[in-house]
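Q: Given next are the chains, with one letter for each unit.
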Amino acid sequence: MQKTKALYLSAVMALGVLATAAFAQEKPVAGEVKEGSLKGKTLTFVSYGGIYQDGQAAALKEFVDKSGVKLLNDGPTEIAKLQAQVESGNVTWDVVDTDDLPPYVYCGKLFQKLDLTKLDVSKIPEGQVGECSVPAMNYGVVLMYNKEKYKDNPPKSWADFFDTAKFPGVRGIDGSGSPTGGLLEQAFKVAGGDPKAMTVADIDKAIDVVRKLGPDTIFWKTGAESQQLAESGEADMLMMWTGRAMTAVKNGAKYAPAWQDWLVVMDQMTIPVGVKDTDASYALLNAYLGKHAQEVLAEQTSYTPINSDAQPKVDASVSAFLTNTPERQKQGYKQNFKFWVPNFAVAQEKWSALMAGN
Amino acid sequence: MSALEPTTPSVAKRGWVSRPFALTLPALILLAAVIGYPLLTIMVRSLSEPQWGVQNYLWFFGAPVNLTVLQRTFVISAWVTVVCVVCAYPYAYLMTAVGPRVRLVLVLCVLIPFWVSGVVRTLSWVILLQDSGVINSLLRAAGFDGIRLIRTQTGVVIGMAQVLLPFMILPLYSVMKGIDLRLMRAAQSLGARPSRAFFTVYLPLSLPGVYAGAIIVFILALGFYITPALLGGPRSTMLSTLVQTQVLSLLQWGRGGAMGVVLLVTTFVLLALAAPVMRSRYREAGRR
Chain P
1 MQKTKALYLS
11 AVMALGVLAT
21 AAFAQEKPVA
31 GEVKEGSLKG
41 KTLTFVSYGG
51 IYQDGQAAAL
61 KEFVDKSGVK
71 LLNDGPTEIA
81 KLQAQVESGN
91 VTWDVVDTDD
101 LPPYVYCGKL
111 FQKLDLTKLD
121 VSKIPEGQVG
131 ECSVPAMNYG
141 VVLMYNKEKY
151 KDNPPKSWAD
161 FFDTAKFPGV
171 RGIDGSGSPT
181 GGLLEQAFKV
191 AGGDPKAMTV
201 ADIDKAIDVV
211 RKLGPDTIFW
221 KTGAESQQLA
231 ESGEADMLMM
241 WTGRAMTAVK
251 NGAKYAPAWQ
261 DWLVVMDQMT
271 IPVGVKDTDA
281 SYALLNAYLG
291 KHAQEVLAEQ
301 TSYTPINSDA
311 QPKVDASVSA
321 FLTNTPERQK
331 QGYKQNFKFW
341 VPNFAVAQEK
351 WSALMAGN
Chain D
1 MSALEPTTPS
11 VAKRGWVSRP
21 FALTLPALIL
31 LAAVIGYPLL
41 TIMVRSLSEP
51 QWGVQNYLWF
61 FGAPVNLTVL
71 QRTFVISAWV
81 TVVCVVCAYP
91 YAYLMTAVGP
101 RVRLVLVLCV
111 LIPFWVSGVV
121 RTLSWVILLQ
131 DSGVINSLLR
141 AAGFDGIRLI
151 RTQTGVVIGM
161 AQVLLPFMIL
171 PLYSVMKGID
181 LRLMRAAQSL
191 GARPSRAFFT
201 VYLPLSLPGV
211 YAGAIIVFIL
221 ALGFYITPAL
231 LGGPRSTMLS
241 TLVQTQVLSL
251 LQWGRGGAMG
261 VVLLVTTFVL
271 LALAAPVMRS
281 RYREAGRR
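Chains P and D, in that order, give the protein sequences. Counting in the working numbering, the first sequence runs from 1 upward without gaps. Counting in the working numbering, the second sequence runs from 1 upward without gaps.
Honestly, the hints are just simulated from the structure, not real lab data. A hint or two may mislead.
Said to hold, decoys possible - List time: in silico DMTMM-like cross-link candidates among lysine to aspartate or glutamate, alpha-carbon distance up to 20 angstroms: (1) P:Lys81 / D:Asp145; (2) P:Lys70 / P:Glu32; (3) P:Lys221 / P:Glu62; (4) P:Lys109 / D:Asp180; (5) P:Lys196 / P:Asp277; (6) P:Lys34 / P:Glu62.
Stated by the list, open to error - Reference listing, derived: stretches of chain D covered by chain P, where coverage requires no fewer than 3 residues with Cβ under 8 angstroms from a Cβ of chain P: (7) 205-213; (8) 246-258.
What the hints assert, rightly or not - Chain P stretches covered by chain D per the calculated footprint, using a threshold of three residues with CB under 8 angstroms from any CB of chain D: (9) 78-91; (10) 340-352.
Virtual Cβ for every residue (Gly too), placed ideally from N, Cα, C.
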């Protein structure tokens, strides 16, 4: 008798626990972490290092403290390394921060299709949730110019950037590896084309516009180098990441941004195919998307948060380069994703040839 | 009985042949594991991805940019080797000519930069070479026009030569310190002018060091990545950068592998062509 009662009781209790778990799974809230839910587990988060990954680690501190997970940081993100892990069936990267395009190019192959019932994506800016990714942060590629060189007649757009007759001077372009779709679209516009109707053959036309900038053009290899080019005044017009532009100006570079058609870019958060504990990876992502986590991230890195409720406390020099104000959102230029994803390899090939001096 | 046991008579008989071999086993195993196996993998992948065949090699030789960059890689490496020989030869000679205390200072001057990370040294060169950098500021202060050094092949050669200089100085020094300087005096006492004594006696005896250093520097230079990336522009891109693009951003391991194999084979061919010249020089040096 006693026994059946005890059994009955424990069954009810078990049901109750299951129900709560089911309920919790049904409606995740960004930033919410269940106390002690990942105790004894280890997650490896991979990103690009530097102050960016430090900021991400700070943003995830609350998640670590609450869930009891042990968080390891690794990096930098290299898709080739991830591919080797996926192919060998030994995936040690649980959540990976990547560039714009890879989650679209390798969706389902290297990156899991995301189950949006396990994430709260309601606060993410429109159009940024991919099939295999949520944004990690927003930033921009912005045209920075030397104020002392151009004085009263500053460049105002990418068209001016590509016009060496009207605006003589040395240009600096992102040569860190992959082509920036948005920049090629702007170049194609200069060549008289319509970026919305771009074809593969047009990539050559766009690259020719870049090539015509001449042999003095600097292709910077790292963000740090672009910042150094501004601070030392080596280049007169620079294509720069907003975070680096901000730091350069803070450090005294006499440069100003031309915001018209700044290129909207973002990092992506992904879960690789074959991770050992998918739900733990989802828990990390969901915590990362939270308001508080995004505020911490923005305060530490000056990148734009991707939770629309986030109100980071930043000083004026930082907020001048945040890209989520209504004005900036209006000026921003979004690349033609549909075109670049299938043509990524072709574009990379042609861009590499330019980078190699051909 | 194992060959490792030094007391066995069989070992005593073949002693000096087999024992060194046994002693090099750990190194051989290590080489097989960290160089042999990956190299083999690269070769196989260059022929098997995306499907079996020579498509990756056809692609390599079909794209003009690859051939330009391959040629450029060898030209830059050759220049680096020349600069290293010219700078290292007198330096190594000086090391043999001075007293032990000064020699220690000279050795440290070679080794200390060697212990500093290549990236740090390369970034220091950026500061020195850039248009608003130390060298150009000094030139301008002295009333000259500035010169373009950074993002040129000259800049890349300067930076790479500095990084590789120890690999030239050390083999040169080890050969030079074995040369009996009395031979020079003997030559002079027989009526040779100092320059003649140098060219007919000292230089041939030191050539083995030059060859050893040159080969090391040349081969290391072929695979350089960071320095040309940071000090160079598009016109000084070397093959390693293209390999990196293929593998890391396009995930074309087959193409990247093919590029590596082409570089390796071309290097072997060049060395095989150079070998007879060096060997005859060795013999000559030995005879004298």
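Q: Any hints this thing doesn't respect? Which numbers, in order?
A: 1, 3, 4, 5 and 7
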